[in-house]
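Chains as they are written, first to last, in numbering that gives the first Met the number 0: chain R, 0 to 30; chain D, 0 to 491.
Keep in mind that the hints were calculated from the coordinates and are not lab data. Here the structure is a predicted model, which means the values were calculated and not measured. Some hints could be false.
Footprint (simulated), chain R over chain D, 3 or more residues, beta carbon under 8 angstroms [unchecked claim]:
#1 64-77
#2 86-95
#3 216-228
#4 261-274
Not the full set, but computed from the structure, chain R residues with beta-carbon under 7 angstroms of chain D [said to hold, decoys possible]:
#5 Pro1
#6 Asp3
#7 Ala4
#8 Leu7
#9 Leu8
#10 Ser11
#11 Ile12
#12 Leu14
#13 Gly15
#14 Leu16
#15 Leu18
#16 Glu19
#17 Phe22
#18 Met23
A short list of chain D residues far from chain R (calculated; beta carbon distances all over 12 angstroms) [stated by the list, open to error]:
#19 Lys31
#20 Gly156
#21 Ala204
#22 Leu302
#23 Gln310
#24 Ala355
#25 Ile429
#26 Leu441
#27 Ile461
Quick reminder that beta carbons are idealized off the backbone N, C-alpha and C, glycines included.
Each chain, letter by letter, is given below.
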Amino acid sequence: MPLDAWILLIVSIGLGLGLEVAFMLARRRER
Amino acid sequence: MTSATILGVVIGYLLILLAIGFWGGRESGDLKGYYVAGKKLPAWVIAFSSNATGESAWLLLGLTGMGYAIGVHAFWIIMGEVLGVACAWVWVARPFKEYTDRYDAITVPDYLTQRFRDTSNAFRWISAIIILSMVMAYTAAQLTASGKAFDSFLGTGYTTGVWIGLGIVLFYTTVGGFKAVAYSDFLQGVLMLGCLITLPFVGIANAGGWGEMIANLRMQDPALLDPMGSYGLTLAGVISAAGSVAIGLAFLGSPQLLTRFMAARDQKQIVNGGFWAVLCVIGFDVGAVLGGMAGRTLFPGLLDPETILPQMSAAFFPAFFTGIFLVVVLAAIMSTVDSLLILASSVVVRDVVQKALGSTASERTLSMMGKGVTVVIGAVGLVVALLEVRVIFDFVLFAWSGIACAFTPVVLCSLFWRRTTREGAIAGMIGGFVVTVAWVRLFKADFYELYEMIPGFFAGLIVCIAVSLITKPNEEAVAELESVRKAVGPVF
Chain R
0 MPLDAWILLI VSIGLGLGLE VAFMLARRRE R
Chain D
0 MTSATILGVV IGYLLILLAI GFWGGRESGD LKGYYVAGKK LPAWVIAFSS NATGESAWLL
60 LGLTGMGYAI GVHAFWIIMG EVLGVACAWV WVARPFKEYT DRYDAITVPD YLTQRFRDTS
120 NAFRWISAII ILSMVMAYTA AQLTASGKAF DSFLGTGYTT GVWIGLGIVL FYTTVGGFKA
180 VAYSDFLQGV LMLGCLITLP FVGIANAGGW GEMIANLRMQ DPALLDPMGS YGLTLAGVIS
240 AAGSVAIGLA FLGSPQLLTR FMAARDQKQI VNGGFWAVLC VIGFDVGAVL GGMAGRTLFP
300 GLLDPETILP QMSAAFFPAF FTGIFLVVVL AAIMSTVDSL LILASSVVVR DVVQKALGST
360 ASERTLSMMG KGVTVVIGAV GLVVALLEVR VIFDFVLFAW SGIACAFTPV VLCSLFWRRT
420 TREGAIAGMI GGFVVTVAWV RLFKADFYEL YEMIPGFFAG LIVCIAVSLI TKPNEEAVAE
480 LESVRKAVGP VF
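The whole structure should be built from the sequences, with the hints applied where relevant.
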């Protein structure tokens with residue numbers, strides 16, 4: 000698969016997943 | 000023999016749903032029990048249930064079909080949905096849960112009415128009109144999918160398929176209420192996830208491996224591997240990509256999804272559920288698109304790309320698994336229809352009959368009325384589905400955006416902007432909905448088929464902000480927003 004398609008796939012998954020993981024880590028720190 | 004095996008799997012699945020209906024029935028004696036399962040749901044149920052409801056048969060038939068038809072251009076849809084789900088759980092869910100618990104609200108119009116101190120019941124009436132009209136369209140589209148699925152897998156005929164699909168959903172929804180809806184959605188979500196994780200692996204293996212699949216797609220049409228698709232880097236390509244990303248906006252404020260947050264046991268369930276919801280939607284969407292792309296290499300030249308999933312399941316799986324695939328398609332349909340029916344019923348009984356018309360009937364009587372209304376709304380959807388068989392997914396996307404554009408901008412403003420006023424919120428709801436409908440009817444064809452979610456959402460947002468700026472917010476509501484913010488705490 001071309002590089003630009005890989006980048007799009009990784010960004011598509013990574014943005015949302017990264018946001019959720021950052022949120023979870025912040026909650027854990029708070030506890 | 001093959002049909003008998005498939006039939007056995009389907010009957011087994013339907014019996015499980017009926018059992019869930021009976022089991023959930025214990026909670027459905029009053030309105031809070033019938034419409035939000037007594038606000039006792041755990042994280043894993045709300046996570047899978049919200050995704051299963053949000054996705055519908057569009058995921059299994061429509062998105063696999065898009066992977067087949069447009070290849071990696073469909074990755075933009077993955078971006079929109081994953082971001083939409085993540086933002087909903089990170090930003091929207093906790094303040095919304097805090098507000099609705101304070102109000103003891105069980106519907107979204109319930110929340111809006113109390114948030115804006117509305118004594119005219121305007122939110123309830125407007126919501127009822129919008130939700131009922133869109134739910135009819137959405138339910139009819141899902142029942143059409145049910146008819147097609149039963150017919151293509153079991154040869155039951157379209158009409159019989161529609162009847163069977165509706166009959167089962169009506170049973171467990173009316174008997175078991177929201178508890179049965181949420182737990183059956185959980186089961187259905189797990190089945191959908193299992194199917195969509197398996198499908199691309201089997202498809203890619205049969206296509207000769209990843210490298211072979213990509214080479215084959217490149218040979219068929221190089222645009223299948225271009226993120227901007229056949230449009231290239233043009234205005235039409237950008238509009239198409241933006242429209243795909245915008246599908247995710249609906250996760251931020253559609254009532255059928257917000258109901259899950261309301262029904263959570265407590266805030267902790269929301270913090271824990273978000274991660275599962277995001278993983279689940281990634282599995283759903285990546286599996287569907289890659290499965291469709293693998294299908295393109297195996298079955299090139301299909302007249303209807305939306306049939307790629309049934310084609311692959313029949314070709315590469317034994318009869319038992321073909322039965323499972325039919326069950327998964329039915330699961331996607333039913334998990335959406337049940338939630339829509341109970342949403343529409345809640346608006347009629349709670350918002351119109353109990354609150355707007357001031358009925359003094361007992362909770363038990365109203366709960367029974369809710370069950371009756373569920374049946375009536377299902378029957379109307381049935382009539383529409385039987386009279387008018389049309390392209391399923393255009394209809395679904397229209398209804399999805401109609402509800403989303405009426406509610407999402409207003410819900411977001413109500414949670415995050417202290418200056419939002421009652422008048423602004425009412426105008427925003429009407430503006431978002433009207434622009435969505437007008438865009439589809441009058442403008443869409445002349446603007447590169449721009450998906451109605453974008454003009455509808457931004458119209459709702461702009462109207463809500465503009466009208467709020469020229470009217471005065473309720474002081475008590477402003478102070479309350481600050482107190483909710485403090486209770487919920489910062490996001491990061």
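Agreement of hint Ala4/R with chain D interface, Cβ distance less than 7 angstroms
holds (4 angstroms)
Quick check on the hint: Gly15/R CB to chain D CB, less than 7 angstroms?
holds (3 angstroms)
The output says Gln310/D does not contact chain R. Does that hold with a beta carbon cutoff of 12 angstroms?
Given that every Cβ of chain R is farther than 12 angstroms from that of Gln310/D, nearest at about 23 angstroms, it holds.
Given a cut of 7 angstroms on the nearest C-beta pair, is the interface hint for Phe22/R held or broken against chain D?
holds (5 angstroms)
Please check whether the beta-carbon of Ile461/D is more than 12 angstroms away from every beta-carbon in chain R.
holds (25 angstroms)
If we take the beta carbon of Gly156/D, is the closest beta carbon in chain R still more than 12 angstroms away?
holds (40 angstroms)
Given Leu14/R as an interface hint, is the shortest Cβ-Cβ distance to chain D below 7 angstroms?
holds (5 angstroms)
Regarding the hint that Leu8/R lies at the interface with chain D, is the smallest CB-CB distance below 7 angstroms?
holds (5 angstroms)
Would you assess whether Ile429/D, listed as outside the interface, keeps its beta-carbon beyond 12 angstroms of every beta-carbon in chain R?
holds (31 angstroms)
Confirm or reject the statement that Leu302/D sits farther than 12 angstroms, beta carbon to beta carbon, from all of chain R.
With a cut-off of 12 angstroms, Leu302/D remains clear of chain R, as the shortest Cβ separation is near 26 angstroms.
Was the hint right that Leu16/R lines chain D, CB cutoff 7 angstroms?
Because about 6 angstroms separates Leu16/R from the closest Cβ in chain D, which is inside the 7 angstroms limit, the hint holds.
Once the closest CB in chain R is found, is it more than 12 angstroms from Lys31/D?
Per Cβ check, Lys31/D is outside 12 angstroms of chain R; nearest 28 angstroms; holds.
Comparing the model with each earlier hint shows no violations; every hint is respected.
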